Amino acid sequence: LVAPALVSLLLKKGLLFAWIYGAVINTAGIVLSFYLDLPTGFSLVFLQALFGILVFIYVLFLKGFRG
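All residue numbers for the sequence shown refer to the working numbering, where the first residue is 63 and numbers rise by one.
Hints are computed from structural coordinates only; laboratory data are not their basis.
Careful: at least some of the hints might be erroneous.
Unchecked claim - Just the calculated beta-carbon pair ranges, DEER-fashion:
(1) 123 / 96: 32 to 40 Å
(2) 115 / 85: 17 to 25 Å
(3) 74 / 97: 30 to 38 Å
(4) 74 / 115: 16 to 24 Å
(5) 119 / 90: 17 to 25 Å
(6) 71 / 99: 32 to 40 Å
(7) 78 / 125: 17 to 25 Å
Note that the coordinates shown come from a computational prediction; the quantities given were computed from them, not determined experimentally.
Note that the Cβ used here is the ideal one computed from N, Cα and C, for glycine as well.
Start from the sequences and build out the full structure, keeping to the hints where you can.
Dropping the structure here:
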């Protein structure tokens, strides 16, 4: 999975942040899958893509305008 490394790179955080981010998002995806009765793979990929896009937008617009 590439999303934790991408988010860590965009936010200029270290490898430990990527591990923690990956663990939190994967756990959230499994919990979401359980409670909404969704396929687990879909939930994991969807959440990682969603948060990856949100972080990209944050970095592009909010941090980009500050210089």
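To see whether the hints hold, each was checked on the structure:
Look at residue 123 against residue 96: about 34 Å separates their beta carbons, and that is inside 32 to 40 Å. For the pair residue 115 and residue 85, the supplied restraint of 17 to 25 Å holds, since their beta-carbon distance comes to about 20 Å. Taking the beta carbon of each, residue 74 and residue 97 are about 34 Å apart, inside 30 to 38 Å as hinted. Distance hint check for residue 74 and residue 115: the Cβ-Cβ separation is about 18 Å, which falls inside the suggested range of 16 to 24 Å.
Distance hint check for residue 119 and residue 90: the Cβ-Cβ separation is about 19 Å, which falls inside the suggested range of 17 to 25 Å. Evaluation of the 32 to 40 Å hint for residue 71 and residue 99 yields a pass: the beta carbon distance comes to about 34 Å. A hinted range of 17 to 25 Å for the beta carbons of residue 78 and residue 125 is consistent with their spacing of about 21 Å.
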